[in-house]
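J.: Chains as they are written, first to last, in UniProt numbering: chain P, 1 to 409; chain Y, 1 to 409; chain F, 1 to 409; chain A, 1 to 409.
FYI, nobody ran anything at the bench for these hints, they're computed from the structure. Hints are supplied without guarantee of correctness; some may be wrong.
A pair holds if it fits inside one copy or across any two, identical chains being indistinguishable in the list.
As the list claims (entries may be wrong) - Derived lysine to any residue pairs resembling SDA-like cross-links, with alpha carbons at most 25 Å apart:
#1 Lys-315 - Val-47
#2 Lys-202 - Val-376
#3 Lys-25 - Glu-130
#4 Lys-74 - Leu-86
#5 Lys-312 - Asn-334
#6 Lys-74 - Ile-16
#7 Lys-202 - Val-180
#8 Lys-225 - Thr-375
#9 Lys-396 - Ser-356
#10 Lys-225 - Ala-385
#11 Lys-242 - Pro-256
#12 Lys-25 - Val-316
#13 Lys-396 - Leu-318
#14 Lys-299 - Pro-256
#15 Lys-76 - Thr-17
#16 Lys-372 - Glu-324
#17 Lys-317 - Ile-7
#18 Lys-312 - Met-323
#19 Lys-372 - Asn-357
#20 Lys-315 - Phe-15
#21 Lys-74 - Glu-85
#22 Lys-372 - Phe-15
#23 Lys-202 - Ser-75
#24 Lys-242 - Pro-252
#25 Lys-74 - Ile-7
#26 Lys-6 - Ser-75
#27 Lys-312 - Asp-276
#28 Lys-25 - Leu-275
#29 Lys-299 - Leu-251
Only a predicted model underlies this, so the values are computations on that prediction, with no experimental measurement involved.
There are 4 protein chains.
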Amino acid sequence: MAERRKIINDPVYGFITIDHPLVFKVISHPYYQRLRRIQQMAFAHLVYPGAVHSRLHHSLGAYHLMCNALQELKSKGVAITPEEELSAKIAILLHDIGHGPFSHALEHTLIEGVHHESISLQIMQLLNKENEGALDMAIQIFNNTYEKPFLHQLVSGQLDVDRMDYLTRDSFFTGVSEGVIGYDRIIKMLTVKDGELMVEEKGIFSIEKFLVARRLMYWQVYLHKTVLGAEKMLVNSIRRAKYLLQSGTNLPIPSPVLELFLNQQTPLPLEGDRLDAFCQLDDYDLMAAVKIWSHHPDKVLSTLCRMLINRKLLKVKLQAEPMEPASVAAIRQNLLQQTGFSEAELDYFVFSGETSNTTYDPREERIRILFKNGTVRDISEVDNALIQHNLSRPIKKYYFCYLDPGSAT
Amino acid sequence: MAERRKIINDPVYGFITIDHPLVFKVISHPYYQRLRRIQQMAFAHLVYPGAVHSRLHHSLGAYHLMCNALQELKSKGVAITPEEELSAKIAILLHDIGHGPFSHALEHTLIEGVHHESISLQIMQLLNKENEGALDMAIQIFNNTYEKPFLHQLVSGQLDVDRMDYLTRDSFFTGVSEGVIGYDRIIKMLTVKDGELMVEEKGIFSIEKFLVARRLMYWQVYLHKTVLGAEKMLVNSIRRAKYLLQSGTNLPIPSPVLELFLNQQTPLPLEGDRLDAFCQLDDYDLMAAVKIWSHHPDKVLSTLCRMLINRKLLKVKLQAEPMEPASVAAIRQNLLQQTGFSEAELDYFVFSGETSNTTYDPREERIRILFKNGTVRDISEVDNALIQHNLSRPIKKYYFCYLDPGSAT
Amino acid sequence: MAERRKIINDPVYGFITIDHPLVFKVISHPYYQRLRRIQQMAFAHLVYPGAVHSRLHHSLGAYHLMCNALQELKSKGVAITPEEELSAKIAILLHDIGHGPFSHALEHTLIEGVHHESISLQIMQLLNKENEGALDMAIQIFNNTYEKPFLHQLVSGQLDVDRMDYLTRDSFFTGVSEGVIGYDRIIKMLTVKDGELMVEEKGIFSIEKFLVARRLMYWQVYLHKTVLGAEKMLVNSIRRAKYLLQSGTNLPIPSPVLELFLNQQTPLPLEGDRLDAFCQLDDYDLMAAVKIWSHHPDKVLSTLCRMLINRKLLKVKLQAEPMEPASVAAIRQNLLQQTGFSEAELDYFVFSGETSNTTYDPREERIRILFKNGTVRDISEVDNALIQHNLSRPIKKYYFCYLDPGSAT
Amino acid sequence: MAERRKIINDPVYGFITIDHPLVFKVISHPYYQRLRRIQQMAFAHLVYPGAVHSRLHHSLGAYHLMCNALQELKSKGVAITPEEELSAKIAILLHDIGHGPFSHALEHTLIEGVHHESISLQIMQLLNKENEGALDMAIQIFNNTYEKPFLHQLVSGQLDVDRMDYLTRDSFFTGVSEGVIGYDRIIKMLTVKDGELMVEEKGIFSIEKFLVARRLMYWQVYLHKTVLGAEKMLVNSIRRAKYLLQSGTNLPIPSPVLELFLNQQTPLPLEGDRLDAFCQLDDYDLMAAVKIWSHHPDKVLSTLCRMLINRKLLKVKLQAEPMEPASVAAIRQNLLQQTGFSEAELDYFVFSGETSNTTYDPREERIRILFKNGTVRDISEVDNALIQHNLSRPIKKYYFCYLDPGSAT
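Same shape as in the complex, but just chain P (with noise of 0.2 Å):
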């Protein structure tokens, strides 16, 4: 493993440095190189076609910003020493490492029962093993056992470099610039005070100006209708193959990682072998299934697949309120006379949900800023707020996907 510094280009930033053998060796691994291969934002290339970048650019990224913050600190005068220096790098590296295909996509569909945090920390403690306990404090930052909470706050908080660098790169790749949010400007106004992170009084505005560009960001990108509806897709596509091999169907699996999960009947812990084959998965054993179904004998699944190759994708329409029961009705009806489906095979063409998002909730999540005068405040309880307890309220937003049946064909 290289001793040296290393610089890597990053359109964001302009460079990152790695200059740590330790950073090397994670980078280097097999575990860490898969994130190469899933993107950051599953199906939004659909709408931005920029959208592309990988998980393991956005994780470069905020290894770099956390390399930023703890300076920043330390030249405040915050006590860090080189090892809780090296420990955060490490963890906001790997805060991902669990992410299985298409990022948030496919989360609870393909392994069921497990958050991808709680899978990252079984692949750190995995690495931890073959380093012989150099992760240790990594693993007690990532989990908040570590005595001091503002490192865990910078990994995983409501104002940490997670969300600073995919704000920014997301806003970067998509084009959408009002997303953009003055990252080195917060970074500039962190501190700590008791232990915790906190922003000094002059950055509300930078903070105020962060809080709606997120909120910008998921109406817009995030949960754009377009992609919320590509995702539904593979979403059923993966259930009608399990769907299929459960009930005997023959069903070429390119790849025999993603075999093992599609015929995996009830939840079952990841691991050993299955954490093993978890770690080789990404967008490609997915998209190579896809691509293959696309000619399968079955009408459903083919059609699903074929539909996202070709980028003919289901209507969406995502609302203040539900849709009229009337209305779906009316809609199935039609397609039952269409396109030859049966009631139960409609159900993957024709459905709905809703959606939320948070501007901001004071209860869980907390931006603490900190007056001149050593007193500490909420964001949303300072003078003339902008983010107010109104906000606090998730806003829900109701999708309905389905077939035009002029795009099934």
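Given chain P's structure and the hints, the job is docking chains Y, F and A onto it.
T.: Frame of chain P; chains Y, F and A shown alone:
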């Protein structure tokens, strides 16, 4: 097909506007959508992690610049009919439609004996048939049989919108800011005289800058030794897979269309089913194969594939002179002992070759400068030219790739 | 006057195109060229050194956005005649022509009782006479008497191109990247219904972002306490100079046009010679005076001017509550002893006041959202609005400026 | 003087950090603050309206790059003491302190016989005295008598941070994006061998790009014919004013310090009061004079000044060959009749000269490339050099400025 205007976010140019039904139809076609699944820069992302943009994105970008260039020329009084305008836009949208998986990296390996431009032409003809001749003029512009040569020169020439977009886009996504060119200024300086594309006198420095940026991008990015080495490893994996198939070894291939080409022993015309299969082939077929093969019993194939997947690459030297035969022999000798590979097998892991790039060859390529007094001169012949005759010789470099014994394990 | 097209480089938008003889004529006029010599952001450069751009630059930028907005509306089928288009462009070019030196900072100090917008109107009328009525419609659009209100709303309204440009440009030149707004997206979302300017439903988040960016720019930049303090120092210098002139003190004034206004005892209509003089007045007259006065025997005047020149500014507190009278008295008492100034003189160096900014007041300003179903609602009344009624109250802050005894020496 | 860290927003680099009391002291000094009132690019804003940034801003930017460069060299193991680091920063902050109004445009006109660098040295010595020798080492670095030549080379050499900043900054503010250089990459490629500044082998293309960008900026911006013409008009205004003063004409001068230099008949050493006056002189003195003089009875002076103020400039031809004497004579003859100027007076309005720029002269300037094998070669002598010997000849161009009779009215 939508009739109305559509706006696509592009991080490079802001917004790209689609406003003609035929353009919609072309973009919505599965042949075009396939370009989503082919990375523009193949393995460049192994060095520049942001370089994961697709051929579809590049071709939309080139289309955008074409729109601007035609607008500019019309505002200068160049006669361009609406049909010519539409056809030039279609021609540039489809100029790369014939690219196979991993773009240039696998050209002549997977499909032998056919250049991607002639495949583009074949696919354009398929689309033309589907659209009852609506692409006639686009095809004439593409293969330079249309009566106004400047339209072809905008699609494919020394200063075409293809190059302007790929230099701009590749430098954007890699973060190599020095590859930036003044595409907007160059477009504002374009003009037409006697049917030929020219550059106004005051654009000379922008053109110099363009050529120097291209020179830099070639040596710093496109021919980066690590990228070059990874691409050769993919080529060798395909060669090995073909060899194993020919010698009757059992080899899983996760995609029927890929299987077709791997089993093809001799170059065959790309027609009928084979052309149809080609139009379904993309990076996912290849990477899914590489992933499976990384577990194959053939140690040559599995080693190459595993190294690619895990980014444990061959060592590469790229230099002005070929390696000394004695050094090569010593390295081979050492590897023979350490790896257990045979001499023939070692050829997949130790090999050399040459690569070259020409900054500007005035004999084949021409950038004509139109002076205020009406005279025309080649950019290499203006006063105090930066672009001189000694830049017209190709710069050759010699690469030498070899296995680092530690990476193969 | 040039007939041909001219292209102006703009670091913010790339290129600005001028292509009509009347626009050329207006831009070439000495009245317009005077705007080169008035800084858009007055003393903001004392905090943000890049903020030295001119009113001329801003007005060219607003003109550019007007061109884009009109183009967009026409492409959506809004009826706009060529004369209306030209007139709207002239109106925006000239909207700020009535600004005096140091923009808003000296408004109502040097020329009392006249708002810069009414001066703009007077100058437009002068230009209209010179051009034999060619500006008739531009003037109607400017003072909102033209029959299509949306044209006036583009020049002056809650979402006008003036605000879009100054937020964009000021955030660009200050480097406060958080002030960036999605001007291009907002323009793409503009539409007209019943003659009124509206925003399409899907532009809601961009508008929220715009209002939050404006809020941030006000508190972080325009009302920055140091900038505010410096502007008050300039106002006090002028007040002192006027006082000295009135009391018969000899005072060199390096510019005859400045002399005219300093000697004016009572508000007089800005007509004839006085209007002509105003059209020659710019930042250079003021700063040349400040420089000379920094050596004047009157200690109040010379101290204020020297402090401004050398950036040894007054201390400023900007806070939610007014200063305690007791603290003010203590500071004054201390300064009386240390500086030798009289009570009356001290008023130039110790003073307080209030400033305020409203994020969005739906009663006076209106941003109307046009929903897909044809209904129209104010941005503050849409579902889950970020922009709420409690943001319609002005936020007041109290400033207190005082001399740091060390700075006056 | 503040003890704590201060952060300055810069639109070019994001944030510039000041963290040493002596740096604060230098920046707060009136001599340094004067640079706020001197535009970096003189009259370039007449063509590029954004180019209004100040010398103070440039010098802060160069300081920022110096911080980065020193940081980079230290991380590569180059020995640099804290005192050397501080001194190099002070040296670059003050490298341009000796510039007079309108930067290069008036050099040798207002103050004859003294180069701005020797004035910088004098002012540094004044500041050194005020600070009791704290600037001793900075002065040694500035005048290249310090024992580590690379420190001087960073301040003033072919690849110094001065050039890197002005190319970057000027291209940013003009919007000429093609002048962009990869300053951050160049800095990462800097190294020191035998006490001399060098560039690592893999930085060759970035250096080529730097030299080509500089070539472009010279011809497109710095020597733009309109800018050049305006600067000559200012020079001629000063010359005329001096002539009038010498011949006893009454001439108002709005600034005592300007008066001192205008009345100076012969070159005198810049010492004592004259040096003190120089340290108060800035663009405002000059422009205030130009404004007043635009109403002066002397028609030569008032015409020149009025044309400058109103941007009705001389026509300028800039070409490879000098004008034909016959054409010049014809133009003069025509103007003699139309304007009523005498032959001698006409010399202020019709004149010619030459200007030149060298892309790279390896004899005087040196950019040394350090190869991996330890050899050192000049950039013009590497294999396949773009920067060749025929680029070492200066490119000469001939300008011819003349009055357009319509502009003088």
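J.: It remains to establish, for every hint, whether it holds in the given structure.
T.: Here's how the hints hold up against the structure:
| no. | hint | in the structure |
| --- | --- | --- |
| 1 | Lys-315 - Val-47 | within (14 Å within a copy, 39 Å between copies) |
| 2 | Lys-202 - Val-376 | within (13 Å within a copy, 37 Å between copies) |
| 3 | Lys-25 - Glu-130 | within (11 Å within a copy, 54 Å between copies) |
| 4 | Lys-74 - Leu-86 | both (13 Å within a copy, 21 Å between copies) |
| 5 | Lys-312 - Asn-334 | within (19 Å within a copy, 55 Å between copies) |
| 6 | Lys-74 - Ile-16 | both (19 Å within a copy, 18 Å between copies) |
| 7 | Lys-202 - Val-180 | both (19 Å within a copy, 19 Å between copies) |
| 8 | Lys-225 - Thr-375 | between (43 Å within a copy, 22 Å between copies) |
| 9 | Lys-396 - Ser-356 | within (4 Å within a copy, 35 Å between copies) |
| 10 | Lys-225 - Ala-385 | between (31 Å within a copy, 20 Å between copies) |
| 11 | Lys-242 - Pro-256 | both (15 Å within a copy, 22 Å between copies) |
| 12 | Lys-25 - Val-316 | between (45 Å within a copy, 21 Å between copies) |
| 13 | Lys-396 - Leu-318 | within (10 Å within a copy, 40 Å between copies) |
| 14 | Lys-299 - Pro-256 | both (24 Å within a copy, 19 Å between copies) |
| 15 | Lys-76 - Thr-17 | both (22 Å within a copy, 13 Å between copies) |
| 16 | Lys-372 - Glu-324 | between (54 Å within a copy, 18 Å between copies) |
| 17 | Lys-317 - Ile-7 | between (45 Å within a copy, 19 Å between copies) |
| 18 | Lys-312 - Met-323 | within (23 Å within a copy, 53 Å between copies) |
| 19 | Lys-372 - Asn-357 | between (33 Å within a copy, 23 Å between copies) |
| 20 | Lys-315 - Phe-15 | between (41 Å within a copy, 24 Å between copies) |
| 21 | Lys-74 - Glu-85 | both (10 Å within a copy, 21 Å between copies) |
| 22 | Lys-372 - Phe-15 | between (34 Å within a copy, 22 Å between copies) |
| 23 | Lys-202 - Ser-75 | within (18 Å within a copy, 33 Å between copies) |
| 24 | Lys-242 - Pro-252 | both (12 Å within a copy, 22 Å between copies) |
| 25 | Lys-74 - Ile-7 | both (23 Å within a copy, 16 Å between copies) |
| 26 | Lys-6 - Ser-75 | both (24 Å within a copy, 12 Å between copies) |
| 27 | Lys-312 - Asp-276 | between (35 Å within a copy, 19 Å between copies) |
| 28 | Lys-25 - Leu-275 | within (20 Å within a copy, 44 Å between copies) |
| 29 | Lys-299 - Leu-251 | within (13 Å within a copy, 29 Å between copies) |
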